[in-house]
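K.L.:
Sequences and hints are given; from them, build the entire structure.
In full-length UniProt numbering, the protein residues as written are 1 to 400.
It is worth saying that the hints were derived from the structure and are not from the lab. Hints are not guaranteed to be accurate.
[Stated by the list, open to error] For lysine to aspartate or glutamate, the following EDC-like pairs were computed, each having C-alpha atoms within a straight-line distance of at most 16 Å:
1. Lys244 x Glu348
2. Lys123 x Glu146
3. Lys336 x Glu385
4. Lys211 x Glu221
5. Lys389 x Asp295
6. Lys193 x Glu146
7. Lys29 x Asp197
8. Lys389 x Glu221
9. Lys274 x Asp324
10. Lys260 x Asp324
11. Lys237 x Asp62
12. Lys29 x Asp50
13. Lys255 x Glu25
14. Lys299 x Glu282
15. Lys213 x Asp197
16. Lys193 x Asp269
17. Lys260 x Glu338
18. Lys120 x Glu52
19. Lys268 x Glu348
[Stated by the list, open to error] DEER-style ranges, computed between Cβ atoms:
20. Gln335 x Glu221: 20 to 26 Å
21. Lys213 x Lys237: 55 to 61 Å
22. Val111 x Glu270: 50 to 56 Å
23. Leu135 x Lys29: 34 to 40 Å
24. Asn106 x Lys29: 34 to 40 Å
25. Asn218 x Phe51: 34 to 40 Å
26. Asn60 x Ile212: 34 to 40 Å
27. Lys139 x Lys237: 27 to 33 Å
28. Lys29 x Gly292: 51 to 57 Å
29. Lys56 x Pro308: 45 to 51 Å
30. Asp62 x Lys274: 49 to 55 Å
31. Tyr337 x Asn60: 27 to 33 Å
32. Asn114 x Phe273: 52 to 58 Å
33. Gly204 x Pro308: 27 to 33 Å
Please read all numbers here as calculations on a predicted model, not as lab measurements. Note that beta-carbon positions come from the ideal geometry of N, C-alpha and C, so glycine has one too.
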Amino acid sequence: MYGLALEGGGAKGAYHMGVLKAFLECGYKFGGITGTSIGALNAAIIAQGDFETGYKLWENLDPTQLFDISKEDYEKLSNKEISKEVITKLFSKFRNVVKNKGINRNKMRQVISNNIDEEKLRKSMTDFGLVTVSLTDRKPVEVYKEDIPNGKVVDYLMASSGLPGFKLEPLEGKYYIDGAFYDNCPINLLAGKGYTDIIAVRTGAIGLTQKIKYNNLNVIEIIPSENLGSMMNFNNKLIRRNLKMGYFDAMRYIKSLCGKKYYVIPTKDEIVFKMLSQLSDELIIHIGELWGISDISPKRMLFERIIPILANRLKIQPCETYQDLLIKLLEVTAQKYEIERFRIYSFEDFLNQVSNISITNSTNRRKFSKTEIINELGKINLLSETAVKIINSIKSTANN
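P.N.:
Structural data, given as structure tokens:
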């Protein structure tokens, strides 16, 4: 069975649950789960067998459940609608924070207590571990559930998520801070239990990570395809987006999908090569003019000049194929016209979706001046223009 390591990251932790939803749907089994900070909380909920409960917790979460601030004030802050009244209220809270040596975490503790069943966690066959750092002893603390004293699981989860600015609570006479100050993605804890196939779900949050101490590990990293937002941004709309992103990013790995922002079932590379080969000489010459290329035969211009330029602009790696290049061109246009991102497309369907919307908007496109062609911003626009022309030509050829 697999081991699962969940990186810390506050509100970014919603991503974990989206990722796990995909893996569970596809039949993956996890024998051990470790985490740091919010990763530890998610890991504990999953390890005790309550994934669905945890997913719904994130899906319906709002900041007032965690922090001593009204929903109205939080929304004003999120929307930058800060009135004198809000500033006065926040200043008053800040004075209390300073006086009490940190932000009160009572609400956070209540949420954790309501969702963690220590008895279920201990009886579960799933291994569980977390990381924190003893401020008193100035050393990291890595523990499995069997190392945690009875009745202290919630306390250790709180200790693992002790970010600066929050009020520290003593645990057995010692003070602890966030595990991110030692290892924000505890892969070694899983390896220490004998797991060699490990899925590490990253969040991109600030924190230290330890070098892997074990040999012969197969570590699969699931990395967000887009920034997950601030660690403290518990806006429900953002959380739901991150749940979706986690799900589809995991599906990209599980089903070997193409695309960076979108999720596309690959086709045969020879089909894409044929599509590019069938671009008309007239179109190739026109695209060459946009990029300042001339004095070379159309097919050579396409494969020796235009495609290398596009590959450079799209950051195509040497190991990638014509299909990767074409899908990235499709993504440029899909993002421009805000085509639905969170779904799995067949290659043909993605091509059709992008082509149809780009044709609809073709009347709004304009020609580029020589100044824009030289200008970097103009070249970004040129990439989109080039993508639209190639896509529409391929679609037209396919329909004939």
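K.L.:
Now, for every hint given, state plainly whether the structure supports it.
P.N.:
Here is what the structure says about each hint:
{"no.": "1", "hint": "Lys244 x Glu348", "verdict": "23 Å, violated"}
{"no.": "2", "hint": "Lys123 x Glu146", "verdict": "10 Å, holds"}
{"no.": "3", "hint": "Lys336 x Glu385", "verdict": "11 Å, holds"}
{"no.": "4", "hint": "Lys211 x Glu221", "verdict": "15 Å, holds"}
{"no.": "5", "hint": "Lys389 x Asp295", "verdict": "21 Å, violated"}
{"no.": "6", "hint": "Lys193 x Glu146", "verdict": "12 Å, holds"}
{"no.": "7", "hint": "Lys29 x Asp197", "verdict": "11 Å, holds"}
{"no.": "8", "hint": "Lys389 x Glu221", "verdict": "36 Å, violated"}
{"no.": "9", "hint": "Lys274 x Asp324", "verdict": "14 Å, holds"}
{"no.": "10", "hint": "Lys260 x Asp324", "verdict": "10 Å, holds"}
{"no.": "11", "hint": "Lys237 x Asp62", "verdict": "10 Å, holds"}
{"no.": "12", "hint": "Lys29 x Asp50", "verdict": "14 Å, holds"}
{"no.": "13", "hint": "Lys255 x Glu25", "verdict": "12 Å, holds"}
{"no.": "14", "hint": "Lys299 x Glu282", "verdict": "11 Å, holds"}
{"no.": "15", "hint": "Lys213 x Asp197", "verdict": "15 Å, holds"}
{"no.": "16", "hint": "Lys193 x Asp269", "verdict": "42 Å, violated"}
{"no.": "17", "hint": "Lys260 x Glu338", "verdict": "15 Å, holds"}
{"no.": "18", "hint": "Lys120 x Glu52", "verdict": "15 Å, holds"}
{"no.": "19", "hint": "Lys268 x Glu348", "verdict": "11 Å, holds"}
{"no.": "20", "hint": "Gln335 x Glu221: 20 to 26 Å", "verdict": "24 Å, holds"}
{"no.": "21", "hint": "Lys213 x Lys237: 55 to 61 Å", "verdict": "40 Å, violated"}
{"no.": "22", "hint": "Val111 x Glu270: 50 to 56 Å", "verdict": "54 Å, holds"}
{"no.": "23", "hint": "Leu135 x Lys29: 34 to 40 Å", "verdict": "37 Å, holds"}
{"no.": "24", "hint": "Asn106 x Lys29: 34 to 40 Å", "verdict": "37 Å, holds"}
{"no.": "25", "hint": "Asn218 x Phe51: 34 to 40 Å", "verdict": "23 Å, violated"}
{"no.": "26", "hint": "Asn60 x Ile212: 34 to 40 Å", "verdict": "36 Å, holds"}
{"no.": "27", "hint": "Lys139 x Lys237: 27 to 33 Å", "verdict": "40 Å, violated"}
{"no.": "28", "hint": "Lys29 x Gly292: 51 to 57 Å", "verdict": "56 Å, holds"}
{"no.": "29", "hint": "Lys56 x Pro308: 45 to 51 Å", "verdict": "49 Å, holds"}
{"no.": "30", "hint": "Asp62 x Lys274: 49 to 55 Å", "verdict": "52 Å, holds"}
{"no.": "31", "hint": "Tyr337 x Asn60: 27 to 33 Å", "verdict": "32 Å, holds"}
{"no.": "32", "hint": "Asn114 x Phe273: 52 to 58 Å", "verdict": "57 Å, holds"}
{"no.": "33", "hint": "Gly204 x Pro308: 27 to 33 Å", "verdict": "31 Å, holds"}
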